[in-house]
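Peer 1: Given the coordinates of chain A, work out where chains B, C and D should sit on it, guided by the hints.
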Amino acid sequence: MTTLLYTDVEEELRAAVRDLLADACPHSAVLARIESAAPYDGDLWKALARDIGAAGLLVPEELGGAGASAREAAVVLEELGRAVAPVPFLTSAVVATRALLAARTAGPGEVADELLRRLASGEATAALAVSLAASPYRRAGTEVTYEPADGDAVVVSGRVTGVAGAEIADVLLVPARLPGREESALIAVETGERGVEITPVTSLDLTRPVAMVSLGSARGRIVARGEGPDAARSIVGEALRFGAGLLASEQFGLAEWCLAATVAYVKERRQFARPVGSFQAVKHRLADLWLEIGGARAAARNAAGALADDDPGTAVAVAVAQAHCADVAVHAAEECVQLHGGIGMTWEHPAHLYLKRAKADQIAFGAPGEHRAALADLVDVPAPV
Amino acid sequence: MTTLLYTDVEEELRAAVRDLLADACPHSAVLARIESAAPYDGDLWKALARDIGAAGLLVPEELGGAGASAREAAVVLEELGRAVAPVPFLTSAVVATRALLAARTAGPGEVADELLRRLASGEATAALAVSLAASPYRRAGTEVTYEPADGDAVVVSGRVTGVAGAEIADVLLVPARLPGREESALIAVETGERGVEITPVTSLDLTRPVAMVSLGSARGRIVARGEGPDAARSIVGEALRFGAGLLASEQFGLAEWCLAATVAYVKERRQFARPVGSFQAVKHRLADLWLEIGGARAAARNAAGALADDDPGTAVAVAVAQAHCADVAVHAAEECVQLHGGIGMTWEHPAHLYLKRAKADQIAFGAPGEHRAALADLVDVPAPV
Amino acid sequence: MTAGTIWTEAAVREHARAFLAANDPSATDRMGFLRARFDAGLAWVHFPEGLGGLGAPRELQAAVESELRGTPDNRPGRIGIGLGMAAPTILAFGTDEQKRRFLRPLWTGEEVWCQLFSEPGAGSDLASLATRAVRDGDEWVVDGQKVWTSVAHTARWAILVARTDPDVPKHRGLTYFVCDMRAPGVEVRPLRQITGEAEFNEVFLTGVRLPDSLRLGEVGDGWRVAQATLMNERVAIGGASGRRTMIDAVCETWRSRPELRTHDLHQRLLRLWVEAEVLRLTGARLREQLAAGRPGPEGSGMKLSFARLHQELSGLEVELLGEDGLAYDDWTFRRPETVDFVGREAGYRYLRAKGNSIEGGTSEILRNVIAERVLGLPSEPRADKDIPWKDLPR
Amino acid sequence: MTAGTIWTEAAVREHARAFLAANDPSATDRMGFLRARFDAGLAWVHFPEGLGGLGAPRELQAAVESELRGTPDNRPGRIGIGLGMAAPTILAFGTDEQKRRFLRPLWTGEEVWCQLFSEPGAGSDLASLATRAVRDGDEWVVDGQKVWTSVAHTARWAILVARTDPDVPKHRGLTYFVCDMRAPGVEVRPLRQITGEAEFNEVFLTGVRLPDSLRLGEVGDGWRVAQATLMNERVAIGGASGRRTMIDAVCETWRSRPELRTHDLHQRLLRLWVEAEVLRLTGARLREQLAAGRPGPEGSGMKLSFARLHQELSGLEVELLGEDGLAYDDWTFRRPETVDFVGREAGYRYLRAKGNSIEGGTSEILRNVIAERVLGLPSEPRADKDIPWKDLPR
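Protein chains in written order, with full-length UniProt numbering: chain A, 1 to 385; chain B, 1 to 385; chain C, 1 to 394; chain D, 1 to 394.
Please note that the accuracy of each hint is not assured.
To be verified - Taking lysine-lysine pairs in the DSSO-like style, the calculated list, with each CA pair at most 30 Å apart, reads:
| no. | chain 1 | residue 1 | chain 2 | residue 2 |
| --- | --- | --- | --- | --- |
| 1 | A | K267 | C | K385 |
| 2 | D | K385 | C | K385 |
| 3 | D | K390 | B | K267 |
| 4 | A | K267 | B | K267 |
| 5 | D | K385 | C | K390 |
| 6 | B | K267 | C | K385 |
What the hints contain is simulated information worked out from the structure, not anything from laboratory work.
Pulled out of the complex, with its shape left as it was, chain A reads as follows (with noise of 0.2 Å):
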C-alpha cells in the first residue's frame, strides 16, 4: 500500500491550485455565476487547464500530459470541492480522460491519442454522455446507437439525460450499440456538430449543472468498439469507478471547508453573551464531525492510493471511500447550515453552494448505500438469501 499522506510533490500542486482559487474563484464570483447563462467558469477553467496543467494531470507524457496518477488528481479534487469552484476537472480531466485512456487499448488508438492530447492542452473538454447518477455497478443498458457513414465516420441517434459538464464540453464522448449487431462502441461527437443538442436542467447543484443531451444522426468518431454491449460498458464502468474513487477528495474537501467555516463562525457569533462555539453541545458535534472528516482523509487518500497503483483492493477501496464521505460530506454541509442559524439559510451565504454540491456528490457515481452494498459481495458480507 502507498502512503496515506501526501507527498511534497502533492502539497506543491495542492499550493499552486489553492492560490489560483483564492485569487479566481472567491464565493462572491460563484454566486454571481450560477444563475448566469454561464454556469461552468471558462476563464478559471483555462488557467487551471493550462496554467496549472491540470487539465492533462493525468494524460501520459507523450501526449502532452503531466503523466501524474490518481493522487495528484485527488489533491486538486479536494481544492476544488474546498472552493466549491464551477469547472469541469471531474468530468473532463478526470472522468472522460480515464476513459480515453482506458480506450487506447480497446480502440484504434489514434482517436483517444488526438483527444487526449486536446484535453491535456486545455485546448478541448470533454464529458462522458452518461448521467452523473450512473454507478459503477448497475449496468444500465444505452438507449445511444449509432450507424456507419461515410469513411471512418459515424452518425449517433439517442439521448443521454443528466449529463454533468456536457454544456461546456467541445466533445461528448458516446457509449452507442449498433442495432441489429452485437456490437457497441465509445464514439466521440464534437458539440459543435449538427444535430448535437445541449440542453440545460435546472438542477439542485448550481455549481455543477447536469444537461440533457439529444443526438440527431450526429457526425462522430469511434474511439474504441468491440463485441457485443459490454465493450462500451466496460470503459464506461472503469471510468465510473475511477470517478467514485476521486469524488470522494472532492466530498472529503467539500467538508473540511464546511468544518472550517463553520468552526470560525461560531468562535465569533456570540449569543447569550458567550461565543456559540463555546457551548458543549456545539463542541461535541463539531467534535464528531471533525472525526468524520478524518476517517474521509484517510478514505480518500486510501482511494486514490488505490487507483493510482492499480491495487488489487481497488475496488473495496472505492466503495468504502465513496460509502463514507458522500455522506460525510452531506452531514458537514448540513451541519455547516445549520450551526449559522439564520445566516446559513440565506442565498447571500455561501453554505447553501456547499450544501447542493454535497447532496448532488451523494447521488453522483452510486449513492453510499449501492456502495455499500457492492461491498456485500466484495467482502463477503452476504444478504440474506
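Peer 2: Here is chains B, C and D on its own, set in the frame of chain A:
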C-alpha cells in the same frame, strides 16, 4: 380509536402495583436474588397475583378473573418494567393467558377454562413453551410431538429452548404436532409430571432468565387441537403478537426509570464545580431521550388500546410499538450507564439490571428489524424486487 | 343566550345554524360575511363576547367549523402570524381599545400582521436585541434592523419588541409594541433564501414614530409579553396536524417507482415511517391531553421532532430519486405566499426543511428548553443575567 | 557501539543478533534472559542507554522485536500500566535514582504497577481529587480512597496523585508519588462490574507513609505529571492495533449462521464494516504520521471512535444472535488477568464495551478535548479555576 391517555381505573391499578413494588421489590432485593437459586421472586408474585389480582387481570370474570383488557395489563407492565421486577407476569398472566383465551374457542374448552381459573386465582403459574425470541412473523415449525395415551391424555416429547418463566411455572403450554398425521395441538403439561425437565440457562437478563424445557414422554392434556400444523401455530402467533404489543409498555416503563434515574444523578453529581447535568451536551442528549420516550408512551398506549379493542389496525400498532420501544429502552439503559460514569459500570448499581433487561427485551417477540419488515407489507412500503 | 352562559356543543351548533340562517353566504359578499361571523362570536369561540368569541371552551370551535363548512373562510394560511401570535398576545396584554381596534380586521384578514422580533445579532438570544425605542412625549421613536420577517411587504401591522432601557439587564429593558407598517421610516427588503425565493424580509426601522397607544403591556415588560407570543408560535409550528403529508409524499414516490428501490433505502424508509407514525401518535395524545385540560410538556418536543423528521425524509427522498434528485424545480427569486411542502418537488422540500430547525426557535434552544423546563436540569452558568445590556460583551 | 551513536536499522539488528548469540534463551532462565535484554538496551530502544534502551529512534523497536521473535517476552498485557503509563512518566520526571530503581523490574515484569488516580468523587474532573498527602518530616502521610484500579491486588507499586495543598486552586495543589502497595494502610478490595467479574479494585489508603524519595516531580506539580501519564494512556487505548478483531468476530458469526440474517441487520452490519475499515485506515494514516515525526491530532479521536464502534458492533451482534443472544457465558465473580474481547461471547463483549467510553477519559471529555485543543473552540465558562480547592462547591 380509544384514548391514548390513562383512565382513572388504570391510574388506581398503577398506584397499587407501584406501592407494592416500592415495598417488596427494592433494587437491593433484586440484586440479591439474581444469583440465587430462585431468580423469580415467588413471594412478590403471590402478592401481585393474589392481592392485587394481576394474575387474573385478563381472565373473564366468570372464570374468577378481573375481565380487564390489554390496557390494564399494559399499565402493570409499565410498573414492572420500571422496577425490573423478577415476576412471571408477562409470561404467565399475559402470554400464556392469552394463549389459553385463544384456545378456549379452538379446543374442548374445559381444559382451558380450568387452567384459566387456576391462573386467575394465583394458585398456578403457566408458561408458553416457545422461545422468548420467537416472533409473531416467523412461522417456525415445532420439534415437539405428542402421541395419544390412555383416556384423554397424551404424552409429549421434545425440546424447547429459550423459554422464559419456565422455572417458576406449574403448567407448560406446549405447541406440538402428531407425527404422521396432519394435526397439531396446544398441550398442557404440569411441570411436576415425570419426564419434564427444566434446565436454567445462564441468561443475559438476570431478572427474566430463560430455560431449556425437555419433555420425555411427559403426560399432558390437550387444550386445543386442529387440522394441520397451523392449528397450534395460530394460537401461538396470537399470543406472541399480544406479548409483543404489551412488551412495549414494559419497555416504556423501563426507559422512563432509566431517564428519571439519570436525570436525578446528573443533577446531583458535580464535576468541575458544576452539576454534570448543567453541561449542554448532557442536557441535549437527555432532551432527545425524553422525546423518544414520549413517543414510546404514545406508541405503547396505542398498541395496548388496539389489542384491547381487537382493532383492525392492531398488527400495525403492535409492529410500530415494538419497532420503536425496543430500541428506546436499549438507548435509555445505555445512556443511563454512560451518564452515571464509572458507578454505572458497577454490579452494585442497578443500572445494569435495566441494560440487560432492555437488551433481552429487544430480542423478545421479534427484534425491531422484524417488526419493521412486517410493516413493509402492512402499510405498503414494499421491499425491492 | 345571555352573558355568562355555559356553552355546550349543542348550544354552539344551534347558535351557528341560527347565524347561518340569518346570513346566507351566497347572498352576502365575502368580507361582509366574515365580519358578521366575527360579530356573532363565531370567529374563535373561546375569545370573549364582543371580540369574536362566545367565552366558550376552545374545543367547541370544531363544532362551529363543522356547521360553517363550505362558507367563505378568512384564508388562515395567509394571516397565520396574526391569528397564531398577534391575536393571543393582544387578547392577553392589550387594552380594551387595542382589542376592539385590532382583533376584528385581523381575524377577517383585512389587515395582515407580521412579527418584528429577530435581528441579525439576536437570534436564539432574542433578549439581547438592539433595536431602540426612545420615548418622545406621547410617541416612541424606533431605530433598528429586524430580520426573518415573513409577509412584511403585505402587512398592515407588526408586533415589535424593542429596547427601551439599555441600562438594565437585557431581559428587563424591553417593551412590546404594535408597529404601523405604513409609518414613515419602515423599509422592507426581501431576503432571498437557499430555496431561491424570498419568504422572509429584512425590515429597516429608521426614526419610526409610534404613538404610545400602540404599546402592548407595560414599559419594560416586553420580554414576558414576547414569551407568550413565542410559546404560541411553537405550538402553532409543532402542533399543526397534516404535517404527516411528507411521509405520504415519499411513500408515493416509493410505490410508484419500484426501479429506484434498494434495501438500504427501504430500511431507512421503514425507520422513518415508524418515526412519522410515532410522532403522529404523540401529537394525537397531546391533543387528547389538551382537550382534557391537561396540557403535557410533549408540546415542546413536537416542533423539534418534526424538524428532524422533515429533514431526514426529504434528504432520503432526494437520494431515492437518483438522477431526478439532481434537478430542481425553480430557482426564481420570488415571494411565495405560503410554504408548500408537498406541492413542490423533493429538492425544494430538502432545502426548505433545513429551516425547520432554525425558524421559531432553533432545535438547540428547544433542547435547552426541554432539559431545563421539563426535566429540571440546571441551567448553564450565565454571564449575562445581571449585567446591564449596554455592558454586555458583543 | 559507543555513546552518542546514531543508530540505523541495520546497526540495531546487528546489535540484537549479537545479544542473542551471547544469550541463548534456551540456556537461560526466562527472567535472566529478560534482565540481560534490558541491560543490552533492547527493552525499549528509544530509552537512554543504561535504562533498557539505546537512545535510538522509537520506530527501530520493530527491528528488535523481529530479531528476537520467539524468545521469552515480558508478557506485556499483564504489565500494561507499567509499560504504557508509569515508565514514560518515570523517564520524563523521575530522578536518576528512581529511574535506576524502578525501570528494570518494571520492564521485566518482576514488579507490576497500578494507577491510583480516579476517586469516587473525581472521575472526569480528576483535578478535584480529595486524597490527601501531608508532609511529616521526610515522609508523606496519605489518606483517601481510589477507585477503578486494575491489577491493584497484584501490584508492587502504584503511580499516585494526591492533594498536598488544599488552599490553592485545584490544579495547583497536587503532587505525584510512587506508592508502595505493600505499605501498611493500603487495602485493596475488588470492585465487581456489570460483566460479573472484577477487573478493577477500590483502594483505601489509611495513614500510608511514603518516603519523600518516592515523590515524582516537584511538590505541587502533580497535575502536569499526571497529564503526561494520561496522554500516554489514551494513546495506548486508542492506538492499539488489532482492535479491528471485533468486526471480524461479528462477520464470522454472520457468515457461519445464514439463518440469522435479515436485511435490517445486513444494512447495519455493512455500515459498521465501513466504519471499522475507515477507522483502520485512520489509524494506519496516524501511524504513518507518527513514523514521519509528524504526529497528528487524529490520535485524540481514535479512542472515541473505537468506543463507539465496539459498542455498536457488540450491540448488533447480540441482536443478530437472537435466542443465543439471551444467554451469557459466565457471571462468576472472579478477577480476570486481561480484558478478552474476542475470546468470550457476544454478551460479554456487549457489556464490557460499555466501559470503553468511560475508562481512560470518557467520550464526553474526549470530545471536549478535540473541540478545544484541536478545533480551538472556546472553553466553557469555568467556575473552578481560581478558587482554592477547599472552597469549591461539592
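Peer 1: Does K390 (chain C) lie within 30 Å of K385 (chain D) when you go C-alpha to C-alpha?
Peer 2: holds (27 Å)
Peer 1: Could you grab the alpha-carbon distance between K267 (chain A) and K267 (chain B) and see if it respects the 30 Å cut-off?
Peer 2: The hint holds at about 29 Å.
Peer 1: Against the 30 Å threshold, does the CA-CA distance of K390 (chain D) and K267 (chain B) hold or violate the hint?
Peer 2: Measuring from Cα to Cα gives roughly 22 Å; hence the hint holds.
Peer 1: Verify the proposed pairing of K267 (chain A) with K385 (chain C), using a straight-line Cα cut of 30 Å.
Peer 2: Answer holds: K267 (chain A) to K385 (chain C) is near 21 Å, not above 30 Å.
Peer 1: Taking 30 Å as the top limit, are the C-alpha atoms of K385 (chain D) and K385 (chain C) close enough?
Peer 2: OK: K385 (chain D) and K385 (chain C) at ~21 Å, within 30 Å.
Peer 1: Given the hinted pair K267 (chain B) and K385 (chain C), is their Cα-Cα distance within 30 Å?
Peer 2: holds (21 Å)
Violated hints: none; the structure is consistent with every hint.
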